[in-house]
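K.L.:
Keeping the supplied structure of chain A fixed, place chains B and C upon it in accordance with the hints.
Protein chains in written order, with my numbering: chain A, 119 to 783; chain B, 119 to 783; chain C, 119 to 783.
No copy labels: a pair is met if it fits in one copy or bridges any two.
Each computed EDC-like pair below joins lysine to aspartate or glutamate, with the alpha-carbon atoms no more than 20 Å apart:
#, residue 1, residue 2
1, LYS217, ASP313
2, LYS658, GLU478
3, LYS675, GLU774
4, LYS217, ASP271
5, LYS166, GLU294
6, LYS686, ASP593
Quick caveat, the hints were computed from the structure, so don't treat them as lab data.
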Amino acid sequence: MKKIIYGCAYYDEYMPYERIDKDIEMMKKAGINTVRIAESTWSTHQPKEDVFDFSSVIKVMDRMEEAGIDVIIGTPTYAIPYWLAEKYPDILADTDHGKNIYGARQLMDITDPDYLKASETIIRKLMEVTAHRKCVIGFQADNETKYYDAASDRIQKHFVQYLKEKFHDDLKAMNEAYGLAYWSNRLSDWDVFPDVRGSINGSLKAEFDRFRRSLVTQFLAWQADLIREYKRDDQFITHNFDFEWRGYSYGIQPQVNHFEASKAFTIAGCDIYHPSQDQLTGTEIAFCGDVTRSLKQDNYLVMETQAHGFPNWLPFDGQLKLQAFSHLASGANGVCYWHWHSIHNSAETYWRILGHDFEENRVYDEVMETGNLLKKYGPHLVNLKKKNHAAILVSNDALSSLNQFPVDLDSSFRPSFFYNDAVRWMYDAFYRLNIECDFITPETEDISGYRIIAVPALYVSDENTPKRLDAFVKDGGVLIASFKTAYADENTKVWPDRKPHILHRTFGMHYNDFTFPVNTGLKGKYCQDEQAETFMELLKPDTAEVLVRYDHPSWGKYAAVTANHYGKGYAMYIGSLIPQDLLMKLLEDSAMHADIELPAERFPVIIRKGTNDNGKKICYVLNYSSGPSSWRSPSFEAHDLLQEKTIAPDTEITLEPWSCLILEY
Amino acid sequence: MKKIIYGCAYYDEYMPYERIDKDIEMMKKAGINTVRIAESTWSTHQPKEDVFDFSSVIKVMDRMEEAGIDVIIGTPTYAIPYWLAEKYPDILADTDHGKNIYGARQLMDITDPDYLKASETIIRKLMEVTAHRKCVIGFQADNETKYYDAASDRIQKHFVQYLKEKFHDDLKAMNEAYGLAYWSNRLSDWDVFPDVRGSINGSLKAEFDRFRRSLVTQFLAWQADLIREYKRDDQFITHNFDFEWRGYSYGIQPQVNHFEASKAFTIAGCDIYHPSQDQLTGTEIAFCGDVTRSLKQDNYLVMETQAHGFPNWLPFDGQLKLQAFSHLASGANGVCYWHWHSIHNSAETYWRILGHDFEENRVYDEVMETGNLLKKYGPHLVNLKKKNHAAILVSNDALSSLNQFPVDLDSSFRPSFFYNDAVRWMYDAFYRLNIECDFITPETEDISGYRIIAVPALYVSDENTPKRLDAFVKDGGVLIASFKTAYADENTKVWPDRKPHILHRTFGMHYNDFTFPVNTGLKGKYCQDEQAETFMELLKPDTAEVLVRYDHPSWGKYAAVTANHYGKGYAMYIGSLIPQDLLMKLLEDSAMHADIELPAERFPVIIRKGTNDNGKKICYVLNYSSGPSSWRSPSFEAHDLLQEKTIAPDTEITLEPWSCLILEY
Amino acid sequence: MKKIIYGCAYYDEYMPYERIDKDIEMMKKAGINTVRIAESTWSTHQPKEDVFDFSSVIKVMDRMEEAGIDVIIGTPTYAIPYWLAEKYPDILADTDHGKNIYGARQLMDITDPDYLKASETIIRKLMEVTAHRKCVIGFQADNETKYYDAASDRIQKHFVQYLKEKFHDDLKAMNEAYGLAYWSNRLSDWDVFPDVRGSINGSLKAEFDRFRRSLVTQFLAWQADLIREYKRDDQFITHNFDFEWRGYSYGIQPQVNHFEASKAFTIAGCDIYHPSQDQLTGTEIAFCGDVTRSLKQDNYLVMETQAHGFPNWLPFDGQLKLQAFSHLASGANGVCYWHWHSIHNSAETYWRILGHDFEENRVYDEVMETGNLLKKYGPHLVNLKKKNHAAILVSNDALSSLNQFPVDLDSSFRPSFFYNDAVRWMYDAFYRLNIECDFITPETEDISGYRIIAVPALYVSDENTPKRLDAFVKDGGVLIASFKTAYADENTKVWPDRKPHILHRTFGMHYNDFTFPVNTGLKGKYCQDEQAETFMELLKPDTAEVLVRYDHPSWGKYAAVTANHYGKGYAMYIGSLIPQDLLMKLLEDSAMHADIELPAERFPVIIRKGTNDNGKKICYVLNYSSGPSSWRSPSFEAHDLLQEKTIAPDTEITLEPWSCLILEY
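Excised from the complex, chain A in its bound form (with noise of 0.2 Å):
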């Protein structure tokens, strides 16, 4: 890319009244250079089977193309006209909950081959008109895709027939990996298969959601297939990923194998939303940012984030700003907001860069300012590269299966925890200590690269996985894993051996127990009098050292943490859900092993860097605070690129609160 997009979703279709050159002067005037069209309007561009009307799309495009801003078309398949779903009942998805009735988006079965045929009629309609004008710069390819737990007959066909080749019509085969004797499950014929809504069976439920993790895939790769017959070379495609939603980005996303997903396109894309004003840390921005550059191992687009949603979402003063280039710090190559304007009906009524009004208002000036300084500072900023020394291991398969155990892992008197939970819990601490991470899967080939493996709660996996990380700390690389990994297998089925299995050796520790803490605390190395949370493992060391024991009348004999030093490398297991500062102390011991150097700054300074088109080194200063951080400044002399000044080697440097700071050097 030359410059860094900045921009919105844009609706014409939504709009109380002629706005369009209103909303070009003012968009200008913002420094907004690109709009996102046609998502979700399928049932203006066809408001019945035989008609179709682009005139809106070709409106845009035209006075977009006159202004000089960008367009990115999306298709509009995710939001299905009434009309449609009348015609052809089955396309509402029969899902995990019932059958789906219309009204919302995403109601839909993505496999439906009525959906499919007129999904591909809109869509290369939709191209005949698009796809050459000068102002389009790249298609996404429906939005924020998902299996929509969809489980109708036509799919749990598919399913069995899938089974079936897994397991090459070995139905014993079937019944042994998957334990189905238990509460006589067990199956006597492929075809008389029960629905899998209402198994008990974890493995069986475990492989349903990655099958239906591999029709996302296969539905977003058609698309792409569709776009790419009439795209030019200069357009990218791209889509709008999210993540496990907690009323905001939260975590790995369960219906979807982003992994796998991205290969379909040229560029991977996303959307972020995270909590604002003193919930403001920026980890969502770096969490979903650094798992989207690891995609493609290249710079992503952010299709959506906000700029004003939830009302506690309003930005304070100079958020929205840091917000933006800290998007640009993990490697983004565009930021849009959603949306342009506040809808007047409907839902989601506000969220918007100009609100009902179409006034300018704090969070539009915000935007213009920012907008502004990446006009002039863009080009310094664009295609930043970074070479990680840190991944941290994730896998849909060890969600799935973590998360169909919630009953073990959990109980009345303690709060759910789920995998999500174990990866942020890492994730956080490797953010607030300022190592930046890419992350890695278990189909990842090289992994020689990094320094630092961290596998949170891996439950599944197959054998390979703790073999190559076996290898890996073999050939001197230093592991760090938490409780519940590698403790089953592909199939959910639990390894009968001693866990962890393989790694075991590997650690130097083993363990057949485990509870939840009560009054239980850790002792050791780094300790200050913490509390176990959540779930304990009771590790018996074998050749390992005990960096953390319990504290407690039964459980004081067994450790928490262990660190073995194992071939050329090091191995840490933590068995406990430990406090977020004793973890940080313990994965600087593991830095300090994989011989990473860790900048003296904490969170909330918040320091990023890559290097840019020109060879030079980029570091962003980010301090995610409502007071001032103070920051001292390298030992040799950097450029300011905001204030454009020289910054004097070791410089205490007061940064004001929500504020940003780029050096260039």
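P.N.:
Relative to chain A, chains B and C alone:
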């Protein structure tokens, strides 16, 4: 009316053994002068489709007539017999939550033709045996009627017809008015209309609720017309309206437009259930009473209230009497308990004057005390007329529409906030200040008689309403409005211009942004370190004075409360849910501008006034406290009605806990 | 029995690889002498309708027989194979919550003819291969059977037939008994009967629950009869009854009348799961044991209990052994764990002696210690007989009926309170005082042997029960009853006279009113500033002495607890859920009046006694504490069985945390 109705519901049908003579004896002793019968006992009066049996009705009328106790006849249509549901399955409503199954009351579709036919039959038969009876003083049509979330295909067909008429067959106009383009909900054919229950369109859903409220109005008018064919001129027709239920009568009823529906009746009626014991404040008695009095701007009947209901509603010593007089103090001409005796089976088995043992008890004792006082002093208290200077503007449409957007007003970290929370927040402050109010709606024709109009969260209205309010201020009125007023039009389409729509001139301020307050103080006139709560708009004064400002690093430049001298009047806008004490001070400020003189007393001493049939002033002094309260008598000599003595001017009087004093002068 | 059964469930069918030799070796080492097999593995033994395969059963019997380990055969009928559900769709129950879909256990309609036919086939086939085997010592019919909320049309038709018989075809009688007039539920035709699931009539619903409990009794008797056709005289038949589940075994089972259903068996059996770690009190072990011993007034089997289950149930050092001896101390002749090894797939994957690695572990180690003690000392402990002076009267009917009225006993501002809360409140106080109890029901024929009968919340019963209790007191017994006793008849129709019905004379008090206590103190004998909790009746003493009075402005004139000398006996009534310490003092007072001598010890030191086969007294001293407890030995010389030493009279002995001492004398 000639006397205060002091009554109860009486169900001979539920009696475990023959009791009527003993019951009448106990009623007479207690001063009970009226019973309501026949309501909800349809299966007894028509055990089969072709069998009618009014023997219990006739028996009760006979004996009551003999004893000189009046009778109100309720039509039994709010609970249907099973033979009816079984023969006409469509009578059981298909609702927002699925198809009802038989059992409870209020399960029917009140527009179903078979239900209407059967209702007509039982009503006519009942009228034939009751209307001519001397003891029968009036009729109650149905009971607590609502639309019960009915949403069958048939109802939805009528709704589409209603929409066609509303939009003069112009589908495009509807698409635009409701913003159906969003998420591809745009329609292309009136006859291909999706089930409203799936809709995510707030405009359409609010319209559907409004349509369904009109069905209730029609149904009640239809019943009243049937009754009118039979009744004598001296007999009244009423209804037992109920309120939004939060474990007790809380706010404006979402499913009924009480103002419209009450037009069919000769006198308004309602039920009022309220917290008791330490939670007894009298607020619900006053609120529901003020609403019901406002329906026909006349006296009303409390058709049901608790003697004892939920176990925690057993009244403390004095409370039952205090409650009864409080009803009269709001303008009630009757207070009826639900019900005479606690039933011995089924559900609701603990609601009563008499308990299961039928013995005299602490509740009965206080009913008796009250009944005998009413017999003696009732003629002074009946037909109390009020002339209030203050009015609160409420709207079912605003309620429906605001409640469509809980996701925007609410979020995981704070409690829900709905329309009635805003209504009660304002009303309760007036109540505690002893400023008596009427209720008005956007349809109220003449508002010129008021000095203050208070407008809580009037989220939607047609354009005429803000124009009338603007004129009201210009002409010298005092207007107080809260956040979220004048935000959207009658189709729940947000006005695409400056907020509050039209009224920003009246208030001399506008705003572009809003958020949830966190650690946000309030500073300014009347403030004492209060915090903003729940919701806040960032007000920008144009011509207005700032009364209260936010105290916060980013919001400190905005106002929370403004006041504007405009025309001959005064307009105060309250942009946040400020604490009640501060709100009360602002209402005092407004009252001063409106030349309303406030009593010196505040809650827990409540003062309510009016004029009786003899043109004398009646003043109730109610002590809503578990401790004594002191009260200073007027500056003139007044007559203590219940003590039958004269109170000297300016005397300091100690009110006993939960006691009541009535002055006549 | 000749020895204590110390066993576990064993599922060869769930093994991830061939293990039986190693398992038997480990069992022998640990003193496990019995395994339960075949329960719940129907699909393995009958993979298709016409294919039977008992090879795993035969293999296990062969190897266990060789090893000298006994076998209990469970019929596998509580989890059905899918081919059965698929061929006969009606087998999957249509329940109170809708139609089941296949997956979990206990989804079937136990009255379905096809289910019964298929069950008969698999039971007969299983009996044919197992009944004659030497190692097989007994049978378990089905597992944790309940009616599973089944409510199909077919079941409801039977229910109507049952009602017709109950009311001798007199529909009017039923209408009156159940108060169906309320809300127009009166019926006019037996054949036009509404779905009970929609009913709001508490009487009808309680009757339906009672009817459904009778279906369980019938089903278990039918299975037992089938088994009886095959079994030898030396083989027992039992069942694994379970209790009301609140995350553990809590109270009387709502869905089964254990007293009726156990008549079909030769020995009573149950499962007992209980809190562990810091929450371990032994109360559930004692409660469930006392109930199960009372079923046949004889020794019983604990068919399942936890070794380790939920993560928070990992036992502290000493707890597993303490638990095992506590079961024996209640009269158990067997303790079996669920189950030998944790399964590797599906659900319930963390319940076990051996973990997933099959290694020896801290749980196994303590099983081994216990097993070897039982091998040595079991003959002294088996067949322990008790003669208790106290009994607690419980009733499934009271449970069903009281739980119909949560709305009345409950409200938004306080926690739910149900029947079993009252039962456990009373039982736990007896337990902590070391007064051992039996359980009796209204159907128990002879109650004359008891000195104290305690009656928690006996909301319903026929008239005979209060009459018998009255006679019991007249004859010298001590009666203690709580609030809500003798309130309604067997049809859940509240008695229309003075409360408690009949017993108000026995107790010498009555009451008319009740409420929830708020800031309501308790004053009087034994009190120390306690507060009333949850519920309170306002008692009016007639001839009784007031033991405890309320302290409150309005309730201060009423009593909370009264005691009455009546005939030769003593009757105490407790009108409120008073705190446990005060209740314990009142029970001491009652015990004194009943001439029951209490041990000096209180919880956490628990004393349980009985007589063994040799006529010797066995006394268990159990320390349910994480600290040491001191205990004074008897005034005579006694033998410490496990330490094999003599304890001198009146010796102060320190009990280790979570330890157990057994005296023989």
